[in-house]
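Asks: Protein sequences, first through last, are from chains A and B. Numbering-wise, the numbering used here puts 152 at position 152 of the first sequence, and it's gapless, one number per residue. In the numbering used here, each residue's number is its place in the second sequence (first place is 1) plus 247.
Hints in this document: simulated from the structure, not taken from any laboratory. The structure displayed is predicted, hence computed values, not measured ones. Glycine included, C-beta positions come from ideal geometry on N, C-alpha and C. Please note that a few of the clues may not be correct.
If you want the footprint, here are the derived chain B segments under chain A, 3+ residues with CB under 8 Å [stated by the list, open to error]:
| no. | region |
| --- | --- |
| 1 | 276-285 |
| 2 | 338-349 |
| 3 | 353-365 |
If the Cβ cut is set under 10 Å, some of the chain A residues that face chain B in the computed set are [as the list claims (entries may be wrong)]:
| no. | residue |
| --- | --- |
| 4 | A104 |
| 5 | A121 |
| 6 | G189 |
Each chain is listed here by its residues.
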Amino acid sequence: MSLAPHTLARVFWRCLFLQAAWNPRGMQNLGFAYAIDPALRELYPDPAARQAALARHLGFFNSHPYMAAAIVGGAIHHEERVARGEEAADQPLTYKATLQGPLAAVGDGFFWTALRPAFGAAAALGALVLGWPALVAAVLLYNAVHLWLRFRLLRDGYLHGDEVVLDIRALCLPAWADRVRLTAAVLAGLAAALLVDRSAGGLAGGLLTAGAAVAGFYLLGRKAPLLPLAYAALLAGVAVGLLGGGS
Amino acid sequence: MGLLVLAAVAGLAAVERRGFLQAMLSRPVILGPLCGLALGDLGAGLLLGAVLELLFLGAVSLGASMALHETVATAAIAGGAALAGQRLGGQQVAVAALAVAVGLPLAIAGRLAEAAFDKGNQRLDERARRLLLAGDARGAMRCNLLGLAAPFALSALLAPLGAAAIGAAATLLLTAVPRLARPLELAFAAFAALACAAAARSLRTARAPFFFFGSAGTLLVILALGRLHR
Numbered sequence: 001m002s003l004a005p006h007t008l009a010r011v012f013w014r015c016l017f018l019q020a021a022w023n024p025r026g027m028q029n030l031g032f033a034y035a036i037d038p039a040l041r042e043l044y045p046d047p048a049a050r051q052a053a054l055a056r057h058l059g060f061f062n063s064h065p066y067m068a069a070a071i072v073g074g075a076i077h078h079e080e081r082v083a084r085g086e087e088a089a090d091q092p093l094t095y096k097a098t099l100q101g102p103l104a105a106v107g108d109g110f111f112w113t114a115l116r117p118a119f120g121a122a123a124a125l126g127a128l129v130l131g132w133p134a135l136v137a138a139v140l141l142y143n144a145v146h147l148w149l150r151f152r153l154l155r156d157g158y159l160h161g162d163e164v165v166l167d168i169r170a171l172c173l174p175a176w177a178d179r180v181r182l183t184a185a186v187l188a189g190l191a192a193a194l195l196v197d198r199s200a201g202g203l204a205g206g207l208l209t210a211g212a213a214v215a216g217f218y219l220l221g222r223k224a225p226l227l228p229l230a231y232a233a234l235l236a237g238v239a240v241g242l243l244g245g246g247s
Numbered sequence: 248m249g250l251l252v253l254a255a256v257a258g259l260a261a262v263e264r265r266g267f268l269q270a271m272l273s274r275p276v277i278l279g280p281l282c283g284l285a286l287g288d289l290g291a292g293l294l295l296g297a298v299l300e301l302l303f304l305g306a307v308s309l310g311a312s313m314a315l316h317e318t319v320a321t322a323a324i325a326g327g328a329a330l331a332g333q334r335l336g337g338q339q340v341a342v343a344a345l346a347v348a349v350g351l352p353l354a355i356a357g358r359l360a361e362a363a364f365d366k367g368n369q370r371l372d373e374r375a376r377r378l379l380l381a382g383d384a385r386g387a388m389r390c391n392l393l394g395l396a397a398p399f400a401l402s403a404l405l406a407p408l409g410a411a412a413i414g415a416a417a418t419l420l421l422t423a424v425p426r427l428a429r430p431l432e433l434a435f436a437a438f439a440a441l442a443c444a445a446a447a448r449s450l451r452t453a454r455a456p457f458f459f460f461g462s463a464g465t466l467l468v469i470l471a472l473g474r475l476h477r
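Pulled out of the complex, with its shape left as it was, chain A reads as follows (with noise of 0.2 Å):
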């Protein structure tokens, strides 16, 4: 491996902005590009052959944000291959065609559907409970394990290569994932008897608040539309109270 580190500290820098012309048509292909050409800039002195690296990582590219940083990684790995002559320039292809649907998979599951929900909810409890300073250990707590595991993968992919697999396997994300969301649903839970608790007022309030709950939860099942409902609450709670209730 012959990456100077600046240079992976420039990639992972760059991974950050994987999403930033986010298009229909290449999805992150701008970003990816954008992510590796420190690398590539390295590897390949001379211009045309740099420039033939860059343009074929402007193909489709679609994976998790954070994920991404492995496939970015593996990348520069193959490229490594392709410019000492061992391997095909296709190879680095084949590899981010490979894995940009499964990554996408495991981090859509773990992160976007588990891991951010639960620190919303730890967050949303810690800001009822004990006002900003939750927040702020939220934040960090959070970025601090993003951060690591996007720092993580992207050494782990340009270390190992294909053998990367392995090492997001050992993480066991989608394990950890349900016991995460469980984990969540008891904060949201939390928070949402703290919110009833201090909103609801009188008889009539509390039966509204438990009704808009429960009513709700079944509707939301039976997939109506959010704001629909949002605007049913609330004008719910203003016939309630015009009609007298909740005093």
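Starting from the known structure of chain A, arrange chain B on it as the hints suggest.
Replies: What follows is chain B alone, placed relative to chain A:
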């Protein structure tokens, strides 16, 4: 001055939401207090941020599917509630209900604008390819960063405008019809309850509802027993 700070915060949050970093800074629970603070009412931002976070807990763009734009809506709602709360000297919960009622459509407007920006980014893609063919690799790569401009501009424009509109509407209505305050408090309670239900629904695992309602019910019972004991 406060609205300018709000514009900057909302613009940066819109960039962070999808184009750069994605470190939770644009989530309602963090952005709400920041926007409330920008306009002098941290408390309104904390309350609204927590409730909107639960409402939008499942808001996530997966692949080409696009979620409601919770960031621009939160910035306008929290900012507007802070403005109105200061003018009225309190009535935080009633103001929060009005802010939500006026500001929620911005989540749809933001989503529509984002879809249009994505299509516009195809022109950046074409431009990058042209520049690369012409031998300007650095210029081609800069095209990626240009994609951040439109989301910033949209949110920096919509959030302060929305906040000003919400602030004016809430102040006018509660000054003209003060007896609406109590019904609006109940409206916010019902809205918060719905937000909690949305949070429970957003957690995609079969056992999530049991854990959600179990923990909520347990805490409500403990709080009620504590009140009885006192």
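Asks: Each of the hints needs a verdict: does it hold here or not?
Replies: Results of checking the hints against the structure:
Counting residues of the region 276-285 of chain B whose beta-carbon sits less than 8 Å from any beta-carbon of chain A gives 3, enough to reach three: the coverage restraint holds. With 4 residues carrying a beta carbon less than 8 Å from a beta carbon of chain A, the region 338-349 of chain B meets the three-residue requirement, and the given coverage holds. Restraint check on the region 353-365 of chain B versus chain A: 3 residues with Cβ-Cβ distances below 8 Å, three needed, restraint holds. Evaluation of the A104 of chain A hint against chain B yields a held restraint, the C-beta minimum of about 7 Å falling below 10 Å.
Evaluation of the A121 of chain A hint against chain B yields a held restraint, the C-beta minimum of about 7 Å falling below 10 Å. Satisfaction of the interface hint for G189 of chain A is found here, the shortest Cβ-Cβ separation to chain B being roughly 3 Å, below the 10 Å cut-off.
Going through the hint list in order, the structure satisfies each hint without exception.
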